[in-house]
Amino acid sequence: MVALFACMVLLLIGFYAVVTKRNIIRIIIGFSLVEYAVNLFFALVGFKRNGIPPIITELGQSRSNFVDPVPQALVLTAIVIGLATTALMLVLAMRIYEKYRTFDITEIRRLKG
Amino acid sequence: MVELYVLLAAMIIAALVAIEIRDLLAAAVALGIVGFSVAIMFILLQAPDLAIVQIVVETLTVVFFAAVILRTTNVDGTISGAFRREMVFPAAVYGMFCVLFLIVVGRALAGLPSFGSPTMLVAGQYIALGLERTGAANVVAAIILDFRGYDTLGEATVLFTAVVGVLTIARRGGRKEKNGEDRS
Amino acid sequence: MRGMSPIVQVVARLLAGMLFLFGTYVVLHGHLTPGGGFAGGVLIAASFILMSLAFGSVAQTERNSYTFSSVVESLGGVLFVSLALAGYVGGAFFFQNAAVYGTGTPLRLISSGIILPANIAIGIKVGAGLFAVFLALGASRFVMKD
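Top line first, the protein sequences correspond to chains A, B and C.
With the numbering used here as the guide, the letters of the first sequence map in order to residues 1 to 113.
With the numbering used here as the guide, the letters of the second sequence map in order to residues 1001 to 1184.
With the numbering used here as the guide, the letters of the third sequence map in order to residues 2001 to 2146.
By construction, these hints were calculated from the structure, which means they are not laboratory data.
Check before you lean on any hint, since a few could be wrong.
[As the list claims (entries may be wrong)] To give an idea of the chain C side of the interface with chain B (calculated C-beta under 8 Å), a few residues: (1) S2005; (2) G2017; (3) V2126; (4) L2137.
[As the list claims (entries may be wrong)] Which bits of chain C does chain B cover? Going by a derived footprint, with three or more residues having C-beta under 8 Å, they are: (5) 2009–2016; (6) 2024–2032; (7) 2115–2125.
The beta carbon of each residue, even a glycine, is placed where N, CA and C say it ideally should be.
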């Protein structure tokens, strides 16, 4: 229970960075923190005490002690997609810097044609 | 499970460092610390698939951040040492939102099965039928490629779209007009 | 993009080959051990990124590898969708696994129907896509003029 709460605290720290900070790189770091927190939350929900990983190694093995494999299947692709969206945001930040020479979002409000 | 709580404390401290420190490259390194702690937690939670993916993805995330920061600038010009008055109001509003959010989260988590004993209604079927129906010994691979293959198709599409977006935004030069002008 | 010092180049030459081999192993054994297409694909991309960082490149070779990797990524995606469409062959439905290919004997490398080719397709797609993203982010400024 405490572990799930700590995940939510990490999520709130990430949201704080997205909402309050003025530097674009910090906003992107905040988004990354939110994604890590959500993936960790899924893995925590599927945990079983004294469980073993859901991989069958011998044919006659007893499978009653596996941890839940469905949240792992959901998170597996989400991690790689998180990398791709972070890269998308980073390349946008790079283009913004090349045009305005600053990362500060309060100074890039004017739209240049 | 003392190791879980120690790692969670380290993650929260590293996250606070990552968003408050002045140097941007140090913030990227602190983000790397958070990511590797998440990978160790995946190993402790008996999820080796996720641990492998998280380690390599975290390395590439830090490499991408460093590539962008080293090409542009690594000084954060927006942080001044002084305490600014216009930061008090957003921080206070966000603090109230945090308290409300944590109250609602507490009620929601009370409805979940307790930590360490999931219900596994659907997963029980997948585990029991996995080896006979698909022949794969890795139950997670059987789930993402056979039982829930549509989700993987959708995620492959999302990945493709994100990569196409990156390659388009980073492209320089557009179609050239007849007199040789660039339209980017 | 500039290269790095000779020490880094010697070590990178050794490590990149092992990384590529390990990534291929993780992709191919995705149905037997932890890993699979996504983890192996990212490892393969990491081996190419290591070589590109350590040795640097000239603008022309960067442009060639950039177009080549984006073409390979599209081919990986097309391969994945065509494997899914192959479920129509035996009269079964979309993405059907064991009706078209047999499940094979468990715990062997060639088994489990469509999962092995699908892992290979995803590994190619993710690896080439992430290498193209790295070239777009960190490479020299004149690589994308078309």
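Against the structure, the hints:
1. S2005: With a closest approach of 17 Å, the S2005(C) hint is violated.
2. G2017: 17 Å, violated
3. V2126: 7 Å, holds
4. L2137: Holds, about 5 Å.
5. 2009–2016: violated (count 0)
6. 2024–2032: Per the Cβ count (4), the hint holds.
7. 2115–2125: The restraint on the segment 2115–2125 of chain C holds, since 5 of its residues have a Cβ under 8 Å from chain B and three suffice.
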